[in-house]
Structure formats: structure tokens, C-alpha cells
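The residues making up each chain are set out below.
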Amino acid sequence: MAAGARLGEREPPDLRQKLGAALSPPGSRRRRRWDTIDNREIFDLIRSINDPEHPLSLEELNVVEQLRVNVVDHENSVSVAFTPTIPHCSMATLIGLSIKVKLLRSLPARFKVDVHITPGTHASENAVNKQLADKERVAAALENSHLLEVVNQCLSERL
Amino acid sequence: MAADMRLLGLVEEFVSGLQDGAAKDLATGVIDGKCTALEIVEALGKCLTNSEPRIRSRGIQLLSQVLLLSYSSLKQREVEALAIFYIDRLKDHYIITPYVLQGLKALSMSSVLPEGLAVTMLKALFQEVHVQSLMQSDRHSVYTIISNLMDTREQELKSLAADFTFGFIQAMDGEKDPRNLLMAFQISRDIIVNNYELGNFVEEFFEITSCYFPIDFTPPPNDPHGISQEELVLSLRSVLTATPRFAEFLLPLLIEKLDSDVQSAKVDSLRTLTTCCRNYRKKELKEFLPALWHSIRREVFQTASEKVEAEGLAALQALSTSLSKSVIDSDAEDSLDAFLNNVLQDCKHHLCEPDMKLVWPSAKLLQAAASASYRACSKINSCIFPLLLEQFNKHKQSSQRWTILGILKIFIKLIQKWDRDEEDENPLCAFKDQLCVLVFSALTDSSVQLQMVGTSTLAVLASQQDLLSSSDIELSVDHLNRLILQEADPQVCAAALEASTIISAIQPSAFITKMVPALMQDLNTERMEVKDDGEPLAPSGNALHQRSIQALAAISTHPSIVKRTVPVLLQHLTNLQKGTSGNESDMAILICQSLQLVAEHCRGAEESSQYFHQMVVPCLLGLAIQTAVQDCASEIRLGILCEEQVITAFGTVISTAYSDGETERASRTISQIVALYLDGDVSSLPENNLCRKFQPFQSPDSPWPQTQLIALLQAAVCSLPKNIIVPQQERLLERLMELACTSDHRFTYTSAAKCIAGLINKYPAGEQLDSVLQDVLKKIDSGLERNAGVCAQATSRTRVFTLLLWLTKSLVLRYHSLAATLTDKLIQLLTDPELGTEAADGFSVLVSDSSDVLNKATHADIRIMYRQRFFTENVPKLVQGFHSASEDNKSNYLKALSHVLNSLPKQVLMTELPSLLTLLLEALSCSDQVVQLSTLGCLHPLLLDATQTMSLHVDTLVNKLLNLTSSPAMKVRIASLQCMHALTKLPPHVILPHKPRVIQALAKPLDDKKRLVRKEAVRARGEWFLLGSPGS
Chain A
1 MAAGARLGER EPPDLRQKLG AALSPPGSRR RRRWDTIDNR EIFDLIRSIN
51 DPEHPLSLEE LNVVEQLRVN VVDHENSVSV AFTPTIPHCS MATLIGLSIK
101 VKLLRSLPAR FKVDVHITPG THASENAVNK QLADKERVAA ALENSHLLEV
151 VNQCLSERL
Chain B
10001 MAADMRLLGL VEEFVSGLQD GAAKDLATGV IDGKCTALEI VEALGKCLTN
10051 SEPRIRSRGI QLLSQVLLLS YSSLKQREVE ALAIFYIDRL KDHYIITPYV
10101 LQGLKALSMS SVLPEGLAVT MLKALFQEVH VQSLMQSDRH SVYTIISNLM
10151 DTREQELKSL AADFTFGFIQ AMDGEKDPRN LLMAFQISRD IIVNNYELGN
10201 FVEEFFEITS CYFPIDFTPP PNDPHGISQE ELVLSLRSVL TATPRFAEFL
10251 LPLLIEKLDS DVQSAKVDSL RTLTTCCRNY RKKELKEFLP ALWHSIRREV
10301 FQTASEKVEA EGLAALQALS TSLSKSVIDS DAEDSLDAFL NNVLQDCKHH
10351 LCEPDMKLVW PSAKLLQAAA SASYRACSKI NSCIFPLLLE QFNKHKQSSQ
10401 RWTILGILKI FIKLIQKWDR DEEDENPLCA FKDQLCVLVF SALTDSSVQL
10451 QMVGTSTLAV LASQQDLLSS SDIELSVDHL NRLILQEADP QVCAAALEAS
10501 TIISAIQPSA FITKMVPALM QDLNTERMEV KDDGEPLAPS GNALHQRSIQ
10551 ALAAISTHPS IVKRTVPVLL QHLTNLQKGT SGNESDMAIL ICQSLQLVAE
10601 HCRGAEESSQ YFHQMVVPCL LGLAIQTAVQ DCASEIRLGI LCEEQVITAF
10651 GTVISTAYSD GETERASRTI SQIVALYLDG DVSSLPENNL CRKFQPFQSP
10701 DSPWPQTQLI ALLQAAVCSL PKNIIVPQQE RLLERLMELA CTSDHRFTYT
10751 SAAKCIAGLI NKYPAGEQLD SVLQDVLKKI DSGLERNAGV CAQATSRTRV
10801 FTLLLWLTKS LVLRYHSLAA TLTDKLIQLL TDPELGTEAA DGFSVLVSDS
10851 SDVLNKATHA DIRIMYRQRF FTENVPKLVQ GFHSASEDNK SNYLKALSHV
10901 LNSLPKQVLM TELPSLLTLL LEALSCSDQV VQLSTLGCLH PLLLDATQTM
10951 SLHVDTLVNK LLNLTSSPAM KVRIASLQCM HALTKLPPHV ILPHKPRVIQ
11001 ALAKPLDDKK RLVRKEAVRA RGEWFLLGSP GS
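Which chain is which? The protein sequence lines are A and B, in order.
Each residue of the first sequence is one higher than the one before, starting from 1 at the first, in our numbering.
Each residue of the second sequence is one higher than the one before, starting from 10001 at the first, in our numbering.
Take these hints with a grain of salt, some might be off.
Unchecked claim - List of simulated lysine-lysine pairs, DSSO-like, C-alpha gap at most 27 Å: (1) B:K10325 - B:K10283; (2) B:K10877 - B:K10779; (3) B:K11009 - A:K112; (4) B:K10325 - B:K10282; (5) B:K10091 - B:K10075; (6) B:K10779 - B:K10825; (7) A:K135 - B:K10995; (8) B:K10257 - B:K10364; (9) B:K10394 - A:K135; (10) B:K10413 - A:K112; (11) B:K11015 - A:K112; (12) B:K10995 - B:K11015; (13) B:K10432 - B:K10409; (14) B:K10394 - A:K112; (15) B:K10877 - B:K10906; (16) B:K10394 - B:K10409; (17) B:K10856 - B:K10890; (18) B:K10417 - B:K10325; (19) B:K10778 - B:K10877; (20) A:K112 - B:K10995; (21) B:K11015 - B:K10971; (22) B:K11015 - A:K135; (23) B:K10394 - B:K10307; (24) B:K10286 - B:K10348.
Just so you know, these hints were derived from the structure itself, not from any lab.
Work out the full structure, taking the sequences as your base and the hints as a guide.
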């Protein structure tokens, strides 16, 4: 990651190779009775979220990675850690909010969704985590039409 | 005199009364010889000399209109007088000019225009008329006159020398109308191509045409003239590239336009460059080569557009080709050499840079330059091969090695493009050893990617003439053996099979001595399924056998190999009968697939094909018959060779062999097969000491293991090309009919029905066919009648229905007149209580391709667009039937309809679907999953394209689609969710009211048990969330 970045400026993104998109997740075609929701499926939900600033996806910017996704289907819990591109990234809350909203819209209501910053990668980690964990503040943020607009832009299917 | 009076009357009528119809009457008069053109002039008399220009113009208008209709019946004397008259009129008042031009246009089309007048006409035209101040249609007349005269009076016009060119330049200078431009470009091109003198006007001529380059023209909507940008571009390009004399002006222009930001301008410039290079040589190009190379390189390195890149590469190749064709002067430097040095210098270092950023663009540029000629190729190869080999060894990462090997492969392939002299050594010989080491190291690498590209490179290397030594080839085969039999990754194995196919065709001996024995040994090894968890990646024993069988087919490319591989396959097939592992029938089917592949390879190869007919077909028949005959003695254990699937697999092999176009061999053996079935003549079989007679047609006594072998007869006789007559065809049809109507064995009577259908489809039209069909129809009609109280009737009616179905398909395909009658019978059966559902499913048989008979591969008589025709003829009937049917039968109609709708491409259906919309909406509530799925498939494109119509039904759609998202069938759930997604494309005011409800309802499929369903639910729900929300 761009750890040694200067203040106030984002390093040019480090473009990782995208995970093979054509790969069909295992078990989908087979006659298994139930496909459990696994890490890969959660990752597929959030990988294509657009970055609020770059014309790139969160996966391409390495903000989200599959190994930082943790889901236990039968316990109804999802936990996603994301890594802001620089420790002072001002967009961290917004990115977290986008991930959270995407998961809330895409997962069954039985899940408890936890979105937080990868420990030690952001200056105001605790504050951001707290905001994202607070249901009411998330709800209030989405009442703000300006914020909602940015979140929706992040979640729109790219043409 | 009376005629004169009438003439005067008509003239008067036209000039004064604005009665335009008179012109036509007069023209007919001239054509029929009732009056002459000069008489009309006389009759016009006064009004041609009238002092009022309007009257004069009216007079000329009449005369011109008459001439335009009657110019071909004019005599030379008349043409002469009229031409002189018209030329003089060019000096008259400007409102008369349009009509004068029309007259001249008519005269220019006359074949008897006296010599010299063409020149006078044009001189006057250029002198008296200022073309660009005329109206569009009048300018068009001028171009037409010029074009007509150029077509017929070329020599005369050339006597004008450069004056003609100059006159034309002045005439077209400033033209703006696309219709006229197309003509003007055509004339310009003719002037150049037909060697009219350009004189001092080369640059002017270039200027007035090149000023339109690059053409930017968007036709107005609903343009009635239908002129496209493409037409104009091509026509201008043909002018600009017509002569090397334009080179000094054109090339700088192209270099300038390549700098443009507009992509179409770049593409046009590059294409124009490619085109003009065909005529240009060193002399024209030399001065501009550095600049052109600079621009092309920049475009290929920097562009994001594949189109620009492709055109850039094509232009580079064209440049290199044209330089290759240039004569080398003894004193001057070799321009190709210098140019390629330039290219190499600019590309080489990119191949060596560690980040490998511009590796592929550079490689593509070098490849384009090299593919121009043998000389260019040698030059670039001698430089590039040592470099790439060195780079391969320098880079240790397999992804980088993968890139370099991929590039090497392309350059190796390139060498094959040219024929070399016998004596010339293959230019790769110098690098052969290094290349082999490199490829073999790639084959043993741990990276799958590298192994794959290594395998394909090996194939390219080995197919080079006289390059690899026999020990190299043997080593290669060893490697391939290893990849096929031991490699875990199926992709690598597939690549190895592909490479084996290519190499075996050129180097059969190494495969016979090395690969065939290895595969044979593998097949003969019985492997126990060892559950060795330590090495889960190695293919299991069963999978290995499968690979060996596939490999045997893959390498059967050469007659000498076929003779080794086929016996192995047949032997293994025979051995399978004794097997006990339970998967023998799958193996048997796999072997048949391999044999079929071999049969396809054999097509056109005389020796192998003959071997196949003599060996394989009798052997398969023998095996099947032997089993069938034995089994009737002891019904205890039926062998795998009695299984329906295995028999069908046998059939595909036989069918492939007989669909081969080679007629003589097929017609010889087909009579043996017919005799075998009709008379039990087993002499043609390899082992013919059967314990019982083979009598498949002894119905109803013949047991089903025998009768079902009709499937093999069908495979043989229905696959023949149309020009081979099936021997004893009438007798055969009669026996087949009997079997089709009496057998109780489903596979038997279906095969018999297919066989009849296949034969009838190719039966020559005529009385005989009609009488055969009449007989069949009678049988069908009586067979389908329902007699209450007869218990065994259900099977017999199903039998007859099967026959009817296949016969209908056979006739529908060839547009036979009885097809409609038979289809109507099927439609009637939709309301039948017993056969209704089967009839509905039968429509799928009618409109889809069947795999064994009545398809292209078996040379069936299939008219193009038969599906469209079937659609237009029968859909109205089905719709009507649906509306009048009782509730129980409605679903049958819907199902039949969905099969028909599904068979046509959606683009074709788009125009028809809106009229079927209410029906489709009703079909959504039908409980049949096939109907649901096909309906959803029809609605999806409508939701995207016919938003207006669909908006009217949004309430129904939302309700019914949401219902289907909880269907038990996964495919239905997926399709309905896709439609829910498509719904968001309807106008917002229509769907927004439904948003809260839909979002709530779509929460449920988010928790679907199937991942693929959840994926669609997420997509649909996400899109609904965005509706009417800020930022979407």
C-alpha cells in the first residue's frame, strides 16, 4: 500500500490484478440444496463499489480484499474491514458508509453487518468505526440528500 | 394537317395553361414516330423567340421534357440541330438555364451525338454557366452531363487536354451537397484513373477534393436519399489515393490529420494511408517515412481504442509492404532496411525494459512491419530472436516469461507465411536449440499459464518444415504424453491434446511409436480408486482412461495413425462389456464420441475414410447385433450395448461416416446394411456366426433388443447425401411404417418414425411421394381416432402421434404442401385429453434442431427461414385456439406457443411481440415452468425496448413477476428477477409508485438458497433503491 504517501495527496493507485470475474463460485450449478453465503459472495457484493474520488472500483484500489471479509452464515454475522488508501484519507467515512449501505441493501435482514477500518491504517480509526457502527447515525446520514447522492453514485452500476 | 393542329394544340396547352401532362403525350408521339422533335420546335416557334423570359423558359421546359423521355429515338440530324440550339440557349436569361441543362442532359445520353459536339457543349458549359450559383438539382444535371459524355466520348474530351480538367475543377469548386459530391468524386476519380490530362492543375485538383477530408457527415434523420458517411468517405478516398502524383500533397495532409483529436479522423487517415500505399513506392514515400512512423508509433503506443490500434498496425504493414516492393537502386541505400532499422530502434528497448509496459504494443508494431514480406520478416527476426531469448532467460517470474514466450510464438508463426526455396535453410535453424530448451522448460514450469503457452508454441515450432530433428520430436511427444496422462490441470491437458492434433498430422511416426503405446498401456491398466488424500490433484484412474480415449481421437489425423488408434478404441469398447465397475456405459459413449471425432477427421481423406467404412461401421453393427441376438436367449443380464444411450452413441458414429460426401463408397455399403435389416443377410459383418437370426422387422414377434437397432439403420440411411438413392426404399418404408404402428417399445417406434421422416424429407417430389404420403396419412388418421372402450389404445395413439410429429417436421422443413395439413392436425391434438401435453411439447421438436436426423449435418432438405414461415402461418392459429379453448387446454396452447416463440431470434420477434402482449401476460400466470420461462424470456427484451407499451401494464407486471420470484424452479426465479431489474428502465413516473412494495418484496429472494438467484436479486433490488433517489 501507499504507506509513505505525503500529506494531503493521494498516491497514484496501486493497480492490482482483478480477481477472475468469469469464475463461477463453487457449488452454484450443482444440485446442492443450499449454497451458503461465503466470503467470496460478500466480496462480490462490494468489490465493484466505485471510489468517491477515483474512476476506479474499491477492489482496483485495494480498499477491500477478500481476506478481510468474514461471514458466518448460520450465525447471521458479516464483518468487513476496509483499508483507506492513505492514513489521512478524508473519504474513509464515506467509503465505509457506501460499503455498509450496499450490504444492507443486498443482504437478508437477518444479518448483523459490521463495517470497520483495518486496524492501524487510518489516523482517526476509532471515530470512523464508531460512526459506522451507530445505526442511528447511519440512518441520519442517509437522510442528508447530499450524502445519499454520493453514496448512490458509488453504488451505481458502471456503464 | 390534323396532326399538326393537334401538335400545336398540345404545345399551346403546355406553354400557356401550365398543363404538364402534354409533354408526355408529345414524347409518346416522338417515340412512336407520329411527329418529330423538330416539328415540336417549329410548333413552339414563337414562344421560343418571345421577349418574355418566362414564356421562353416554358417553351424550353416542354422541349427538354420531351427530349428526356424520347432521346433514344432521335435521329442524328435532329440531335445535331437541337444540340446547337441548346448550346446557344446557354447564353440566354438565367431562369431558362435549368431547362437548357435538362435538354443538354437528354442529348448527352443520345448515342448518335455527332462528333465534335461534345467538346463544344462542354466548352460552352464551362464558359457560360457558373455552376456553383445554380440550384442543387441543376448542379446535378451539370455533373450528369459531364459524366455521360465521359462514358461515351472519352477520346473527344481528351482532345481538350487540361482544359477539361480545369473546367471541371471550376465547376465543382465549393460543392456542398452530398448527393452531388458523390457524383463529383466519381468524376474526379475517372479523370485520374482514365488518364485525362491533369497538366499544371495537379495541386488544384488535389485541393478541391482534399478540402473535404476527413469527411464529417451525419445524414439528417429520415434522409430519403440514404447517403451514408461511409459512402462519401470511401468515394473520396478512392479519389485521393488514385494517383501517386498526389503523394507529395496527400502524405503531409494525413500526417496532419493524424494529430487530430477526433477518432474517426484518425481512423480515416490511417485507412487512407493503407490504401494509397498500394500504389506508392519508395519515391513517393521516402521523404515522409520518419514522420509517418512517428505518428503511427504514437497512435499504437498511446491509444485506448482498439480500432485505432488495428488501423495503425495495418498502415505500418502497408508501408512496409510497399517499401518491400520498391526496386533497390544500385547507388542509394535500401529504404526498407533503413525504415526497419528505425522501427527496430524505437521498439527494441521496450522489449528489454523490466516493467514490460509497452511490450505488447512494441511487439505488435514489429509484427506488423515483419508481416509485409519475407525480406522484412528475416530482417526483424534476426534481430528480435536473440533479444527475446536473452530476455526470457533474464526474467525469472513466470508471468514475464509467459509474455515473452507469447511474443516468440507470434514471430515463429509469421515465418510460415512465406514459401521458401527448397535449398534455403529455415531461418529459425540458428535458434532451434535455444528455442527447444526454452519451450521444454516452459512445459515443466509450475505455472499453468506458462505451460499452456509453451504447449501452443511447441505446436507452432513442430509444424515448421525441416526445423526440429526427430529426437526433438520424440522428446516433444514425451512431454505431451506426460501432460496428457499426468497433468492435473484440465486446461493444460486440453492444450496438450490440441498441440498433439496439430503435430501428429505432420509427424505421424513419432506418435505411432511413442504416444499410441503409452495410451494403450494406460487403457489396459485397471486402476483401483485409491483415495489418496495426500495428492488430490492427480487425475483419478477413470479420468485418465477418459483422457486416453480423447487423446487417441485427437491424434487420429493421419491414415497411418488412424489404423493404429481405431483398433485400440474398438478393442476397448468390446472389453467394456465384461466390465463391472458401473460406469461402462459412460465409457462406451465416450469411445463413440472419440470415434465420431475420428470420422470427422477422416472426411475427405480417401484412405482413412475407406478404412473407417470397412472397419468401424461393420464392427459397431456386429457388436450391437451380437448383443441383441444373445440377449433374447437369456434375459438375465442385459449388456451395456442394449442401453438406449449407447445405441444412440453408436448411431452418431455411423451417421457421421455416412454423411460424408464421398458417394461411391457409401452407396456400396448402404445396400449391405439395408439387406442386413430387411433380409437378415449378415455376411457383411466381421463375425457372423450368430446364435439366432437377426430379424428386426418380424414385428410383433421380434424382441425389442433387436427392433431398437432400427436406430442404427436410421443413422445410416438418413445421413446419406441427397444424390444417393437408398436401395429398396419403398419396401423399407413399408416395413418401417408397420413397425412404427405396431411396436410397443418406445425407442423402437420413435426411431422408426424418425427414419421414415428422414427418408421422406429427401424423397424426390412427385406423384410417388404424394401417394406414399396419402397412405401414411390414412394410417395416421385411423390410428388417431379415439374408440372408447379399447384399453390398449393409449400406447397405439402415442405411437401414431410420434409418427405424425416427425413426419410433420420432415415436411415443414422442405416446405411441402401437406405440411400445413399435418400441422393443423397437431394443433387440433392440443385439446386432446390424452395427447394434449405431448402435442404441446411436440412443437419444440418441430422448431428446434434435432441432433440425429433432419439436420444440416445429415444433408436434410431444410429451407432457410422455415421457422419464420412456421411462425407466421401458425401463431395466429395458436392464438385463436388459445382464446377459444377451455381452461384445461389453455396451457397446452401457451406451451406450444412458447416453443415457437423461443425458437426465433428476439430481434425478429420484436415487431410481433407487442400484439401478443396480453397473451404473454396471461401466460405468466400459467403454472407450467416451460411456459413461464419462455414468457419471461420474451418479456425481457420488450421491457428494455418497448417501454411505452409495457408501461400500460406495469401493475400486472409487478404483481406477476414478484409472484414468480418465489417459484420452485431456480431458472424461473432468476429470469423473473432479471425482468424485475429490466422494469427499472420504464419511465420513472410509472414505476416509482411501486418502489416501496418492490423493495420490500425483493428482500425475500436476497435470502434464496441458490447463489445465482441471490445475485440477480441483489442486482434488481440495488437498481430499485436507486430509482428516484439523488445521484442515480
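Comparing the hints with the structure gives:
Only pairs whose Cα atoms come within 27 Å are accepted, and B:K10325 paired with B:K10283 is accepted, the gap being roughly 12 Å. At most 27 Å may separate the alpha-carbon atoms for a hinted pair to count; B:K10877 and B:K10779 meet this at roughly 25 Å. At most 27 Å may separate the alpha-carbon atoms for a hinted pair to count; B:K11009 and A:K112 meet this at roughly 19 Å. As the CA atoms of B:K10325 and B:K10282 are separated by approximately 9 Å, the hinted pair is consistent with the 27 Å bound.
Among the hinted pairs, B:K10091 with B:K10075 is consistent with the structure: their alpha-carbon atoms are about 25 Å apart, no more than 27 Å. Annotation: proposed proximity of B:K10779 to B:K10825 holds, straight-line Cα distance about 14 Å (limit 27 Å). The hinted pair formed by A:K135 and B:K10995 meets the criterion: a straight-line CA distance of about 23 Å does not exceed 27 Å. A C-alpha spacing of about 23 Å is found between B:K10257 and B:K10364, which places the hinted pair at or below 27 Å, so the restraint holds.
Of the pairs offered as hints, the one joining B:K10394 and A:K135 is violated, with about 56 Å between alpha carbons and a cut-off of 27 Å exceeded. At roughly 58 Å between alpha-carbon atoms, B:K10413 and A:K112 are farther apart than 27 Å, so this suggested pair is violated. With a CA separation close to 19 Å, the supplied pair B:K11015 and A:K112 stays within the 27 Å bound. With a C-alpha separation of about 20 Å, the suggested pairing of B:K10995 with B:K11015 holds against the 27 Å cut-off.
A C-alpha spacing of about 13 Å is found between B:K10432 and B:K10409, which places the hinted pair at or below 27 Å, so the restraint holds. Only pairs whose Cα atoms come within 27 Å are accepted, and B:K10394 paired with A:K112 is rejected, the gap being roughly 52 Å. Distance check on the hinted pair: B:K10877 and B:K10906 sit about 21 Å apart at the alpha-carbon level, within 27 Å; holds. With a C-alpha separation of about 18 Å, the suggested pair B:K10394 and B:K10409 falls inside the 27 Å cut-off, and the hint holds.
Taken as a hint, the B:K10856 and B:K10890 pair is broken in the structure, with Cα atoms around 34 Å apart against an allowance of 27 Å. For the proposed pair B:K10417 and B:K10325, the alpha carbon gap of about 17 Å is at most 27 Å, so the pair holds. A hinted pair counts as satisfied when its Cα atoms are at most 27 Å apart, and B:K10778 with B:K10877 qualifies at roughly 24 Å. Distance check on the hinted pair: A:K112 and B:K10995 sit about 24 Å apart at the alpha-carbon level, within 27 Å; holds.
The straight-line distance between the Cα atoms of B:K11015 and B:K10971 is roughly 13 Å, inside the 27 Å bound, and the hint therefore holds. For the hint linking B:K11015 to A:K135, the alpha-carbon distance of about 26 Å falls within 27 Å, and the restraint holds. At roughly 34 Å between alpha-carbon atoms, B:K10394 and B:K10307 are farther apart than 27 Å, so this suggested pair is violated. Annotation: proposed proximity of B:K10286 to B:K10348 holds, straight-line Cα distance about 23 Å (limit 27 Å).
Figure legend: structure checked against the earlier numbered hints; hints not met, in rising order: 9, 10, 14, 17, 23.
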